[in-house]
Every structure is written in structure tokens, then in C-alpha cells.
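Chemist: Since chain A is already given, all that's left is putting chain B on it; use the hints.
Order-wise, the sequence lines are chains A and B. Under my numbering, the first residue of the first sequence is numbered 93, with each subsequent residue one higher. Under my numbering, the first residue of the second sequence is numbered 21, with each subsequent residue one higher.
Calculated from the structure, these hints are not laboratory results. The reader is advised that the hints may include incorrect statements.
As the list claims (entries may be wrong) - Pairwise CB distance ranges (calculated): (1) B:Ile32 with A:Thr112: 38 to 48 Å; (2) B:Thr40 with A:Pro131: 19 to 29 Å; (3) B:Gln37 with A:Met105: 42 to 52 Å; (4) B:Gly23 with A:Glu150: 16 to 26 Å; (5) A:Leu142 with B:Lys34: 19 to 29 Å; (6) B:Gly60 with A:Lys109: 40 to 50 Å; (7) A:Val147 with B:Ile32: 44 to 54 Å.
Unchecked claim - Computed footprint of chain B on chain A; a stretch qualifies when at least three of its residues, placed anywhere within it, have a C-beta under 8 Å from a C-beta of chain B: (8) 133–140; (9) 182–192.
Said to hold, decoys possible - Negatives, chain A to chain B, calculated, CB over 12 Å: (10) Ser104; (11) Lys109; (12) Asn110; (13) Tyr111; (14) Ser118; (15) Asp158; (16) Ala161; (17) Leu163; (18) Thr165; (19) His173; (20) Leu175.
Just so it is clear, CB atoms sit at the ideal spot from N, CA and C, and this is done for glycine as well.
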Amino acid sequence: ELKVEQNPLFLSMQEGKNYTIYCNYSTTSDRLYWYRQDPGKSLESLFVLLSNGAVKQEGRLMASLDTKARLSTLHITAAVHDLSATYFCAVDPGNQFYFGTGTSLTVIP
Amino acid sequence: DTGVSQDPRHKITKRGQNVTFRCDPISEHNRLYWYRQTLGQGPEFLTYFQNEAQLEKSRLLSDRFSAERPKGSFSTLEIQRTEQGDSAMYLCASSLVLAAYETQYFGPGTRLLVL
Chain A
93 ELKVEQNPLF
103 LSMQEGKNYT
113 IYCNYSTTSD
123 RLYWYRQDPG
133 KSLESLFVLL
143 SNGAVKQEGR
153 LMASLDTKAR
163 LSTLHITAAV
173 HDLSATYFCA
183 VDPGNQFYFG
193 TGTSLTVIP
Chain B
21 DTGVSQDPRH
31 KITKRGQNVT
41 FRCDPISEHN
51 RLYWYRQTLG
61 QGPEFLTYFQ
71 NEAQLEKSRL
81 LSDRFSAERP
91 KGSFSTLEIQ
101 RTEQGDSAMY
111 LCASSLVLAA
121 YETQYFGPGT
131 RLLVL
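Same shape as in the complex, but just chain A (with noise of 0.2 Å):
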């Protein structure tokens, strides 16, 4: 059974602070994707990454892909109030999305 796996499944982090959210995966990949979800909304689509190295930043957020190790990571540089919701990630092994369970990130003034 394929499994996503992501780690911590809850964050509380102050405002300033760095920090990294993993995201490990049983199948082989080449396609990896992040999705952020606020409280009651649905999901939106954060990053795509397509190949070993793939490294894609957007703002505060940093995602990388090690096709090898099966493992993705969001990096969080200097969090601010807004970044605080549910981070998924997602890989498409070819026939069907599958998500990991979430990581729920406050972060506190």
C-alpha cells in the first residue's frame, strides 16, 4: 500500500523562526506537489516538482524533491501569522493523487 507520510503533523513556531516540514513517500515519483489549506476552505495548489533536485521557492516558502530518498521538504524562512494553515503534500505515482496526512502550522506572535 502506497503510504505518504509527513512530519511533524502539528507545528507551533514563532513569528522570525525557520523550520522544515517532510514529507516521505513509499512509491517512486518524479512528481511531487504541495498544497496549503486555511480552516474551513479548500485546497490550493503552492508547488509542482517535476524531477530529482527539483527546488521551487515562492516567497517565505522553499520546497525541494530527493527522488531518491523519496523525500520532499518545505522550508519556512522567518514565518509570519499568515503562513499559519494545513500544509499537504501529494504524489502522483501515474494513475491517482495521494496525500499525506497534513501538517497543521501555527505560528504565534
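Modeler: Okay, now just chain B, sitting in the frame of chain A:
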């Protein structure tokens, strides 16, 4: 482009009743996905269509669930004889498949509560 829309946004039903949800994708998108999401979990794949053809269906999907996309545009998801365990958020997403990847655009979801 108004994005992906879903109707209704909320549904409360009694156990044993049938419910039907509708999804209108972004107009030029050829793929349409249905997911179920419960509290504290990521979206769980149910099924997807490429145009009007249903190409994949989760093995976990009960035969009480059926989906259609008759003209390759909007889609419906029907749940027959609802059970309390069906209570969840049902998400629809659409995408335009490019050569190397696709980006799914999600609708606001239909929240189902089965009493």
C-alpha cells in the same frame, strides 16, 4: 474563469437516504477528480474522469458510490443508502493535463453530515 464550483456546499441527511453532489470544473479542463476528506486527514482519492470516461476508481470505494460525467463537463457523485461513516467533506478538483504534470484546482467542497 470562475474556478471549480460545487453544489450544494452543505448537506444534512438521514441515514439510508440518497444524496447527489454536483461539480462544475474549470471549462477547459479535461480531468475531473473526486476526493473525500475527513477531519485531520488529507484528501482520499475516490475516482477521476478524463473527459467523459471514468478511468480510475478507488478500490476502497463502496458500490454505494457512483459518479458520472456525461458530457465531459460537469460531474455528479451519488451516494446511495448513506451511512454515518459517509460524513465527510467531498472535494472536486479539475486539471488540464500537460505533457509532464498536472495541477489540480480544487472546489470549495460539499460537507456531508449523515444523522
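Chemist: Determine for every hint whether it applies to the structure shown.
Modeler: Consistency of the hints with the structure:
no. : hint                              : result
1   : B:Ile32 with A:Thr112: 38 to 48 Å : holds (41 Å)
2   : B:Thr40 with A:Pro131: 19 to 29 Å : holds (27 Å)
3   : B:Gln37 with A:Met105: 42 to 52 Å : holds (44 Å)
4   : B:Gly23 with A:Glu150: 16 to 26 Å : holds (20 Å)
5   : A:Leu142 with B:Lys34: 19 to 29 Å : violated (46 Å)
6   : B:Gly60 with A:Lys109: 40 to 50 Å : violated (24 Å)
7   : A:Val147 with B:Ile32: 44 to 54 Å : holds (45 Å)
8   : 133–140                           : holds (count 6)
9   : 182–192                           : holds (count 8)
10  : Ser104                            : holds (16 Å)
11  : Lys109                            : holds (24 Å)
12  : Asn110                            : holds (24 Å)
13  : Tyr111                            : holds (20 Å)
14  : Ser118                            : holds (15 Å)
15  : Asp158                            : holds (18 Å)
16  : Ala161                            : holds (20 Å)
17  : Leu163                            : holds (17 Å)
18  : Thr165                            : holds (17 Å)
19  : His173                            : holds (22 Å)
20  : Leu175                            : holds (19 Å)
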